[in-house]
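J.: Listed here are the chains, written in short residue letters.
2 protein chains.
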Amino acid sequence: MTMAMASMKGENVTVSAAAAPRMKKLASMLCMKGGNGDGSYLNNSQAQALHARRMLHFLEETLDAMMERSSSDKLFTAADLGCSCGSNSLFIVDVIVRRVSEAYESRGRDAPEFQVFFSDLPSNDFNTLFQLLPPLLAPVAGSLEECLAAGEGAATATRPYHAAGVPGTFYGRLFPGESIDVFTSTFSLHWLSQVPEEVGDSASPAYNGGRVFVHRATEAVAAAYKRQFQADLARFLRSRAREMKRGGAMFLACLGRSSGDPADQGGAGLLFGTHFQDAWDDLVQEGVVEGEKRDSFNIPVYAPSLQEFRDVVRADGAFAIDRLELVRGGSPLVVDRPDDAAEVGRAMANSCKAVAGVLVDAHIGERRGAQLFERLERRAARHARELVEKMHFFHVVCSLSLAP
Amino acid sequence: MTMAMASMKGENVTVSAAAAPRMKKLASMLCMKGGNGDGSYLNNSQAQALHARRMLHFLEETLDAMMERSSSDKLFTAADLGCSCGSNSLFIVDVIVRRVSEAYESRGRDAPEFQVFFSDLPSNDFNTLFQLLPPLLAPVAGSLEECLAAGEGAATATRPYHAAGVPGTFYGRLFPGESIDVFTSTFSLHWLSQVPEEVGDSASPAYNGGRVFVHRATEAVAAAYKRQFQADLARFLRSRAREMKRGGAMFLACLGRSSGDPADQGGAGLLFGTHFQDAWDDLVQEGVVEGEKRDSFNIPVYAPSLQEFRDVVRADGAFAIDRLELVRGGSPLVVDRPDDAAEVGRAMANSCKAVAGVLVDAHIGERRGAQLFERLERRAARHARELVEKMHFFHVVCSLSLAP
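Keeping their order, the protein sequence lines are chains X and S.
Mapping of the first sequence onto the working numbering: position 144 corresponds to residue 144, and the numbering continues sequentially without gaps.
Mapping of the second sequence onto the working numbering: position 293 corresponds to residue 293, and the numbering continues sequentially without gaps.
Treat the hints with caution; some may be incorrect.
No copy labels: a pair is met if it fits in one copy or bridges any two.
Cross-link-like lysine to aspartate or glutamate pairs, in silico, DMTMM-like; alpha carbons within 25 Å at most [unchecked claim]:
| id | residue 1 | residue 2 |
| --- | --- | --- |
| 1 | K245 | D73 |
| 2 | K245 | E178 |
| 3 | K293 | E197 |
Rather than coming from a laboratory, the hints here were simulated on the basis of the structure.
Chain X extracted, bound-state conformation (with noise of 0.2 Å):
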């Protein structure tokens, strides 16, 4: 099972702050098979493996409330957002598919047709996303059975469902009123739709000055990443309630922390708030890279805790908690050899690039963000063993349903 970051990058990306590719962790471990065995990894495989179960379990634990509740339709609508390029969105969706047409059977009937929506920013990858969906399969009378009865390797050589790709954000409206039966997001939702105006404003006391991101910043920033996170969650969840059928659930999941403290960012802050930073700094005094231009960048991310997600909810109303519970992941650094101090510093750049690349070159250009990455490198060479032992991400899991 590997620990990789599935964050790709299509050809075509448009850059901006909300285009960036998806931090994307569980969802890449729970469709990953295999590895170099155990113990090859960073982290211990099997205690992932036991998080990814337990966070699958919560998924089909959400399916299975709502199928108590709702009534049977002939056709059940999912939409994941977020869903990059696709691996581990088609997963999921299989999951639920599975699992809606089991309930379905299990009250003795026909399963549902299945439309499915794989929504993302209109600068995601979709041509590669289409380009892996099995061929439809075909609507005989009995097969949708036979194809899940075959398990795991049917279901992914031919699709039990109807697929659509919706381009947009979520944090504005996707779908028409009522139409959806299922909402899951997963490692997404810690994307902000946008860097908070006060911190690239030089002349606002939330000014992240010298900093590229909200981890061991003032409170001030801290404070401005809070609400910017809070008014996107509000903003998501206003919009899901219009669009979900009665009945309806959804299943989130993105980076979290166990701090209270909003500049203590646990494993994000590991990841962009050290020696990323020391990277970015390195450059200035090199003079590679101008104060200021450090200065006005800034990862558009924030891993909430517990307690600022559910404020959230809570404010909007229109969604019961059914579960909300803070999960420890994995650490986002693939190596094969944890003691091979130069090889976690590769794993370490590889990581940044892949969730912060395209914006580091779109603010730097690629000639001076690969020089920052080299600098990255190097220092988290020094420093392999802290990451070693330090690196792990908490990830916040809810699932939600329409408030009666």
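Following the hints, put chain S in place on chain X, whose structure we already have.
T.: Below, chain S without anything else, positioned relative to chain X:
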């Protein structure tokens, strides 16, 4: 008003017969404006504009008749099949949304929410299409009407509908049952799902040895092409009948021919069955391409007669024919100076390349493909006057509704 073929090649095109870029004609005329003044094009642009307006009128008539029949739901769904990378499709969708909104308004009802599906093969460049989409109009009460009232400029600046891309072949199922109000497909249905098998089988009496298109081919070849077209259209209609909502409608336009003889393909015949054919023969005689290589290449396009089209719709039986006409269209050749033989030759080669270039390159490679189109350009230049006079398309235009 330009006569350009609007086919575009996506960057990640997976080549297969069915994945060839679509022939686009009317749709591009409909949404193009300006040009280099009256009479600057090969054909009289005013006559073209008349044809275009007439076909647009058919679409509006189809919509009006549908609005008479159907109840006013809160959600109106449209699907454009064979959307290619977009601008033509976006224009047609704008017409639909505007017309349907006006119909609701004239009955004193609130405009519905619109959901529009853009469908094409998985190899289509959906990324380009999605980046052409204007941003979603904020669903504020009254703003849809304001937008529509503001006319074309506003309608293209924002998007008063939810959009989704659907990858798949329209010769099979694409959507859930009874989920679409109106289908459109413009200039795609003349693409066969495949070259008829017999045509590529040297042991068959319908083997098309020596030729690369059905035009001027043997009776057996012509019959095989005709069978393939009719079988494909039947599969198209069967799927749409399942997917269309009660009271729904369908507007179809594709290449057609005025001759009763399937081996006389009219404009398509002139495009693929004369100088293009001779250019292949040149390469064979020069030893650049082996005879068998040419013999195994066939263009999977078929321009049906009205009667052939009508027979399939009647045999299927699910749809009533509200209108079925053969409309004289324009020429695919874009030239500023019709007297300039070299320019006419270039235009002919470009038109052929835009439609069949991907297929040719997949069959004999890019280098020899370029040689083929060079020969074509030279030959077409020698027959420039004849091409200017005789090259024009006919279009089958068809409006269908679910039979009661």
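J.: Confirm or reject each hint.
T.: So, going through the hints one by one against the coordinates:
1. Taking the closest pair of Cα atoms, K245 and D73 come within 25 Å of each other both inside a single copy (11 Å) and across two copies (16 Å).
2. In this assembly of identical chains, the alpha carbons of K245 and E178 lie at most 25 Å apart whether taken from the same copy (4 Å) or from different copies (18 Å).
3. Taking CA atoms no more than 25 Å apart as the test, K293 paired with E197 passes inside one copy only; the shortest distance there is 16 Å, against 62 Å between copies.
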